[in-house]
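Residue numbers (the numbering used here), protein chains in the order written: chain X, 197 to 503; chain S, 12 to 271.
No lab work stands behind these hints, which were simulated from the structure alone. Fair warning: there could be bad hints in the mix.
[As the list claims (entries may be wrong)] Just some of the chain X residues that point at chain S, by a computed CB distance under 10 Å:
| hint | residue |
| --- | --- |
| 1 | Asp282 |
| 2 | Ala315 |
| 3 | Pro318 |
| 4 | Ala319 |
| 5 | Gly324 |
| 6 | Asp349 |
| 7 | Asn379 |
| 8 | Arg380 |
| 9 | Cys386 |
| 10 | Gln389 |
| 11 | His426 |
| 12 | Val483 |
| 13 | Pro485 |
| 14 | Pro498 |
| 15 | Glu500 |
By construction, the Cβ of each residue, glycine as well, lies at the ideal position given by its N, Cα and C atoms.
Letter by letter, the chains look like this.
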Amino acid sequence: MVETKGPTGPPHGPAPSLWPLGFAIGLTVVLVGLVVGNWLTVGVGAVLMAGFGYVWVRDAMSGDEPAEVAAAPAPDEATVVEEEVDPTLYRRGTFIGLATLGLGGVITGMVALPVAGFAVLPAFVDQGTDDIDIGPIEDYPEGEFVVATFLSDPEQGEVSRRTAYVRNNGFKDGQPSFTILSNRCVHLGCPVQVNGLSLEDQKQLVSVENGPSVELTPTQAASGFGCPCHGGQYDTEGNRTAGPPVRALDRYRFAIRDGRLVLTEPYSVGEVDGTGAEAVIHAYDWVNPSVHVDGVEAILYPLEPPH
Amino acid sequence: MATTTPSRKRKQSPVATLLLYPLEWLEERSGIVGGVKWFLFRKVPRDSSWWHTLGSATLTAFLVQAGTGVILAFYYKPDPDKAYQSIQHITSDLTLGWLVRGMHRWGASVFIILMFFHMARVFLFGAYKYPRELNWLVGAALLITGMLAGFTGYLLPWDQTAYWATVVGININASAPFLGPFLAQFLRGGAEIGTNTLSIWYALHMLLIPGALFALIGLHLYLVARLGVSSPPWSRVAAGRDRPPEPPNGRVGLTRGGRE
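Next up, chain X with everything else stripped away, as it sits in the complex (with noise of 0.2 Å):
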């Protein structure tokens, strides 16, 4: 037999009437009474609507008890003959099924996909860092290091804020060398502070060109430095000597121009040999931190996105 589903007999909605008609009609009157503000017009719409609404929904519920209605006849099932497919055959409804498979792929990919692109590439594309000024030269006392905190990215603001601690190594081979360490540790990215006196009263700010002060604090006698988080230690070249760290402390390439100290770009450090102006640095590219950028494990990061 025949399966139908859905409730079974005649639909029995309410039957069509003028009904709801009037109710909003009436409807009508009480928003334009109200609209005029005049009492009487609303009153006249409220006893229309009260009317029509009354008799609508009587009309409705009493209107649900439907005449029978003969049955549909069954299908004489001599009659159903099974229609003989040549399976060769591409049949139109499997035509039809796929074109809209397709169809509807094709449409999903060309809405997804930019959109896919938009939510990933912005991350990866134009990266790079701006040159940073960081004050003149004379700022930085030989042979101590000197806090310098500064924007990244002056459009970004106060989030952009970084901070490098920075040494004057004097002169070799007549020219003038600095060290100049990210204070982001290497194992996860906390700040690391410096072991030895901080001069925060010594504090001076130097105004640059676009965007707010560097900050300028003295250190004295540093030892090294040490990461608060989970208890990373480096000595005075960046150089790892105690705790989770996978690699030295990251460093900056610097220029000067006009006698002020220019960040350029960031790199990593496998590690540093000799010390100051001698330093011998094994460097590498930019990379995050808990990268490692030699030995064994740095197999398993072989490629590092655009910085």
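Mind docking chain S on chain X? Use the hints.
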């Protein structure tokens, strides 16, 4: 199904007709009443206990998070220059803001803890076994997604704890071999934490992750309703040692029935 077939039609009081009419109208056009009955009026094992309520408790905790989160979003500003102040404003200035923020903050922990309790109950009762393995997997996905909600929400107060915990969390992601650095850069929205990071995490926290949680919870509950609640491992009825009790006076439904 509405009882409007002529053969079964009984005389109803006008009030009952008035109340039932909208339900019958809805049922005829959507089947929703039958669906709700299918979902809510299920048979459960007679020896189900308070342990079986941990899932509902977790759901309640999630709904509290969803509700309070929507209200907090009225006042929170996901901007690096304003986020911290807007949280202070919610907590200190706005009427009852301290309460709703506190509910959301502590409720997050409640949600996670209840998920673990619920998971422990399912594990120790063996309720993850056939035919409920798929629901265990959906539950595991819910646990991970729920913890992602906690991870992304932790940044939003934008204080020192939030900021540095997130720096560390992102860099833990970066330490994963091969694709870790790419994942970290996606989470930061760039090579460095910047103006976009906070709004990205806000969008993840209040749009993407709750949407995924709602969808997974829907699937989870559908499977619960379809497969039924499992008996506890000590159930004598399920072991076949006791016969299921006869319903007293032929009544079924909300009565518990049988001897203890």
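Consistency of the hints with the structure:
1. Asp282: 40 Å, violated
2. Ala315: Status holds, d = 9 Å.
3. Pro318: The hint holds - Pro318 (chain X) has a Cβ within 10 Å of chain S, the shortest such distance being about 7 Å.
4. Ala319: Holds: closest Cβ of chain S sits about 5 Å from Ala319 (chain X), inside 10 Å.
5. Gly324: Because about 8 Å separates Gly324 (chain X) from the closest Cβ in chain S, which is inside the 10 Å limit, the hint holds.
6. Asp349: At about 7 Å, which falls below the 10 Å cut-off, the nearest Cβ of chain S leaves the hint on Asp349 (chain X) intact, so it holds.
7. Asn379: 12 Å, violated
8. Arg380: 9 Å, holds
9. Cys386: Since chain S brings a Cβ to about 6 Å from Cys386 (chain X), closer than 10 Å, the hint holds.
10. Gln389: 13 Å, violated
11. His426: 8 Å, holds
12. Val483: 7 Å, holds
13. Pro485: 5 Å, holds
14. Pro498: 7 Å, holds
15. Glu500: Holds: closest Cβ of chain S sits about 6 Å from Glu500 (chain X), inside 10 Å.
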